[in-house]
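S.K.: So you can see what is in the structure, the chains are spelled out below.
There are 2 protein chains.
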Amino acid sequence: MSTVGKAVSLLELFTLHEPEIGLSDLARRAGLDKATARRLLMALAAHRLIEQEPRSRRYRLGAGLSRLARIRDAHFPFVRLAAPVIRELALETGETVHLSEFSAGALLTVHVELSAKANRVNVDVGQVLPLHGTASGIAFLAASRLEVVSAYLEKPLQAFTAHTMTGPDTLAKAIAFAAASGYSRSSQGYEEGVHSIGAAILGADGQPIGTLSIASPVSRVDDKVAAGQGEAAVRAARLITARLTGEA
Amino acid sequence: MSTVGKAVSLLELFTLHEPEIGLSDLARRAGLDKATARRLLMALAAHRLIEQEPRSRRYRLGAGLSRLARIRDAHFPFVRLAAPVIRELALETGETVHLSEFSAGALLTVHVELSAKANRVNVDVGQVLPLHGTASGIAFLAASRLEVVSAYLEKPLQAFTAHTMTGPDTLAKAIAFAAASGYSRSSQGYEEGVHSIGAAILGADGQPIGTLSIASPVSRVDDKVAAGQGEAAVRAARLITARLTGEA
DNA sequence: CCCAGTCGGTTCATTATTTGAACCATTGTT
DNA sequence: AACAATGGTTCAAATAATGAACCGACTGGG
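Read top to bottom, the protein sequences are chains R and V.
Just so you know, we're using numbering that gives the first Met the number 0 here: the first sequence kicks off at 0 and counts up by one.
Just so you know, we're using numbering that gives the first Met the number 0 here: the second sequence kicks off at 0 and counts up by one.
Calculated from the structure, these hints are not laboratory results.
Don't take each hint at face value.
[What the hints assert, rightly or not] Below are the SDA-like pairs computed for lysine to any residue, each with C-alpha atoms no more than 20 Å apart in a straight line: (1) V/5 <-> R/45; (2) V/5 <-> R/172; (3) R/223 <-> R/181; (4) R/172 <-> R/203; (5) R/5 <-> V/0; (6) V/5 <-> V/45; (7) V/33 <-> V/20; (8) V/5 <-> R/1; (9) R/5 <-> V/5.
[To be verified] Which residues of chain R face chain V? A partial, calculated answer using Cβ under 8 Å: (10) 1; (11) 2; (12) 47; (13) 62; (14) 69; (15) 71; (16) 73; (17) 76; (18) 80; (19) 107; (20) 125.
Here the structure is a predicted model, which means the values were calculated and not measured.
For glycine and all other residues, C-beta sits at the position ideal for the given N, C-alpha and C.
Build out the structure end to end from the sequences listed, making use of the hints.
M.R.: Right under this line is the structure:
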């Protein structure tokens, strides 16, 4: 791997649940020598992509990342443009709706509008969703180029619940449904008791860049409700796509 | 410079005003060979820190940055905690108030609450402020360790207006005032017609991490008003510092 | 109170990666 | 059609990255 790749992989060790990590730990997990890890960290710190807490001497992500992300978000306002549509969809359906952006082989939850109901699905911003096993993921795959899909399906797929689809055939069927109807449906594939409808959001080049998803308690959804949510999801996703590509 | 440093310096070429840049241009500005620049860009793209627009083949900052920034912001919620205080201060003073975070030798504007008045100072999020010549910068220097200050003052300082303080003595005096009173004052040092009061926000280690600043048209400020704004700024900055360090 | 096992950090001879001039193929411009 | 950009590629030469061994400091047992 390139030196740069190693440095970035250090950054990627930090998560929402573990935002500060010590040197030895970082080196171990990245599979690097301590000396190497430290040199890379110092290079990153010089540009404020990494900061070191002076007391504990542990490392954390730096302000430079916030700065760069702000520049990107100003130019590519995915969340900013999509948020109002997501909110509207949440009000219309009365269910929790969340927005995800594709990044590094998975979907990253970047915005959530919670249902007003007491019995609702809770989703956290920052949560990473696999492409299989979630409605969002299936919708994303259905909008992706065939080679991307087959590359993804070749790897062994983790089962998250007893309902997770892991077989290539089952998944191919779900993807075909999503490609035909514009939306995907997943019942308890990622979390027990959660039903989801997903739809893909496309970039200017027609490739999918993210998804939106309506998440309800399974008890509240039958086929008819799902079909209604599906149509609403497709409409919202198309609206966001249009706004992103400057067509509205 | 390390390879990693070169890669990050490529990222730093993107700005709010120029969010997409071509390969040759990037290489030229970073002082790198085209082949080198491309290899670095590819390494960054593999981790989604860079994306390439398929049509124009130009490069832009990638979604991975948004993801990392979100992780950081969740753990180190500078803007999230400070924003309500900034808003309160803007309402109290009736002037534009902005929040800056220190990054890479300068202050980066990360949040703005505009004055409700018709004649007001407008500030853009993302704007980079020098440490000399702005009230924020002086307040930051006054809270910094002596060695940091002298290192900064050694370099030649750019004058932005006829009023910009560039002499070491003048600056030392302004810094001394800020250190004693807790707030700094600058009249038209960065932009004509703008009067600013600044105060530093400290991290858990006592070192300054950012500033807030009250910006008014010069016509609306005399010594008495400035003193009042100064007190309010210090109070707000201390409140943010306390919240950041978990003391409230 | 000492020892073993951490930790963060440093050194320097060895090694592997990065580098860049020259080279295409394409795409506008004049 | 000639020209001057662009993005992208190649491979021997040069440079930067590497990691085992080493500090000193700290921590938690026994």
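S.K.: Evaluate each hint against the coordinates.
M.R.: Tested hints:
no.	hint	in the structure
1	V/5 <-> R/45	11 Å, holds
2	V/5 <-> R/172	46 Å, violated
3	R/223 <-> R/181	16 Å, holds
4	R/172 <-> R/203	27 Å, violated
5	R/5 <-> V/0	17 Å, holds
6	V/5 <-> V/45	16 Å, holds
7	V/33 <-> V/20	13 Å, holds
8	V/5 <-> R/1	13 Å, holds
9	R/5 <-> V/5	14 Å, holds
10	1	5 Å, holds
11	2	5 Å, holds
12	47	5 Å, holds
13	62	4 Å, holds
14	69	6 Å, holds
15	71	4 Å, holds
16	73	5 Å, holds
17	76	11 Å, violated
18	80	14 Å, violated
19	107	5 Å, holds
20	125	6 Å, holds
Checked against the numbered hints given earlier, the structure breaks hints 2, 4, 17 and 18 and satisfies all the rest.
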